[in-house]
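Engineer: Bring the two chains, given one by one in their own frames, into a single complex with the hints.
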Amino acid sequence: GAGVSQSPSNKVTEKGKDVELRCDPISGHTALYWYRQRLGQGLEFLIYFQGNSAPDKSGLPSDRFSAERTGESVSTLTIQRTQQEDSAVYLCASSSPGLVFDEQFFGPGTRLTVL
Amino acid sequence: AQSVAQPEDQVNVAEGNPLTVKCTYSVSGNPYLFWYVQYPNRGLQFLLKYITGDNLVKGSYGFEAEFNKSQTSFHLKKPSALVSDSALYFCAVSRLSGNTPLVFGKGTRLSVIA
Numbered sequence: 006g007a008g009v010s011q012s013p014s015n016k017v018t019e020k021g022k023d024v025e026l027r028c029d030p031i032s033g034h035t036a037l038y039w040y041r042q043r044l045g046q047g048l049e050f051l052i053y054f055q056g057n058s059a060p061d062k063s064g065l066p067s068d069r070f071s072a073e074r075t076g077e078s079v080s081t082l083t084i085q086r087t088q089q090e091d092s093a094v095y096l097c098a099s100s101s102p103g104l105v106f107d108e109q110f111f112g113p114g115t116r117l118t119v120l
Numbered sequence: 104a105q106s107v108a109q110p111e112d113q114v115n116v117a118e119g120n121p122l123t124v125k126c127t128y129s130v131s132g133n134p135y136l137f138w139y140v141q142y143p144n145r146g147l148q149f150l151l152k153y154i155t156g157d158n159l160v161k162g163s164y165g166f167e168a169e170f171n172k173s174q175t176s177f178h179l180k181k182p183s184a185l186v187s188d189s190a191l192y193f194c195a196v197s198r199l200s201g202n203t204p205l206v207f208g209k210g211t212r213l214s215v216i217a
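Taken in sequence, the protein lines are chains A and B.
When you read off a place in the first sequence, starting at 1, and then add 5, the result is the number in the working numbering.
When you read off a place in the second sequence, starting at 1, and then add 103, the result is the number in the working numbering.
Think of the hints as simulated: they come from the structure by calculation, not from any bench.
For every residue, glycine included, the Cβ atom is placed at its ideal position computed from N, Cα and C.
Everything hinted at is true.
Dumping the calculated SDA-like pairs for lysine to any residue here, alpha-carbon to alpha-carbon at most 20 Å:
id : chain 1 : residue 1 : chain 2 : residue 2
1  : B       : K172      : B       : T155
2  : B       : K161      : A       : F110
3  : B       : K161      : A       : E108
4  : B       : K209      : A       : L65
5  : B       : K152      : A       : D107
6  : B       : K125      : B       : K172
7  : A       : K22       : A       : R116
8  : B       : K125      : A       : G47
9  : A       : K16       : B       : N144
10 : B       : K152      : A       : F110
11 : B       : K209      : A       : P113
12 : A       : K16       : B       : R145
Ranges of calculated distance between the beta carbons of each label pair, as one might list FRET restraints:
id : chain 1 : residue 1 : chain 2 : residue 2 : range
13 : B       : P143      : A       : E90       : 18 to 28 Å
14 : A       : R27       : B       : G132      : 29 to 39 Å
15 : A       : D68       : B       : L185      : 44 to 54 Å
16 : B       : Q113      : A       : R116      : 18 to 28 Å
17 : B       : S129      : A       : A59       : 24 to 34 Å
18 : A       : S67       : B       : Q174      : 36 to 46 Å
19 : B       : S214      : A       : Q85       : 38 to 48 Å
Extracted from the complex, chain B is given alone in its bound form (with noise of 0.2 Å):
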């Protein structure tokens, strides 16, 4: 069964630092990953996925992240925070290729303190 393992409930972070937020999977195969903001009061919004090839995905806002096989890992960055960018953040993944349903995180929480 495919999992996906957020092991940070909250995160914070001063304005203009970077940050991290922490993604571990478990899937048989190759794994599909992405990255979906939740602000207050909308939905969630797409942010970046890894399908194949560069193991650095550059997505939405700034953010990037580092597909890592031997970790099991696909971590989310920005280089440089921003208050706005605090919000839910959940890791997702799926095993199939196609529309599929994802399996998500817990999420967690970031904070970024001006």
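Extracted from the complex, chain A is given alone in its bound form (with noise of 0.2 Å):
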């Protein structure tokens, strides 16, 4: 595709389900990023995937979440048990390989609701 997508682009649920989030990223970019916006608030970082490198947990907030990638190509972001306060936007960008630093780009997002 000619971006990022991610889907679904809205969930609700029930505080304690499991959710997955999905990340396409453009096709060929070796990296890819989860960030989640909480309301009011700037973008905070939760995971990094960079080719077959081990990623980057620092960001995750808890063990109720974890991402995976399948090569270079999809991601799924899943939190366990949800809470209240995971409800944000859940933004995914990806950017291509290469020693220079390139602009990450950024999927439209999905608007998690836990009720």
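Structural biologist: Below is the structure:
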């Protein structure tokens, strides 16, 4: 596709349920990032994948959060036993390989509401 | 640790007037600085970046930003604001070269009034 896509665009769930969010990066982009944007806040880094290297999970807020990436394509972010404070927009971004710092291309986000 | 401060939650400017959205950063080593814009119900869009070289960086939609090392600032500017520039603007920084996660400011909402 032409850009980063995310699904679903909106997700409403009940507290305690598990959710899976999907990200399709731009083809050929080896780097993939997940960020969280709470209402009125900036973006918080969650997790970062770069090629076949071990992911940087330093931003994950708790062990209820996990993410996987299949090769250099689709990634899923899973939140187990959701809590109301998990309500946010979850943004995925990808960037191309290279030594020069390339801009990150963002998807439209998934708005998660935990009731 | 790296950090970014956007001291203004909201900036209002009349159409046709110059605009400035402020950003200051804190990072050890050389900073890599970015501005992104978020329009309603849309994802973030890249505006411009400073990696090295000229302190004045020109970007999309007529925006520019000036890197000031002594003041640790990277303010976003445009000579003549348009109503369509109304959006949420984010400054971001990384201290590492290559593809690495960014640290974002909290954002500044720009309203351009006709």
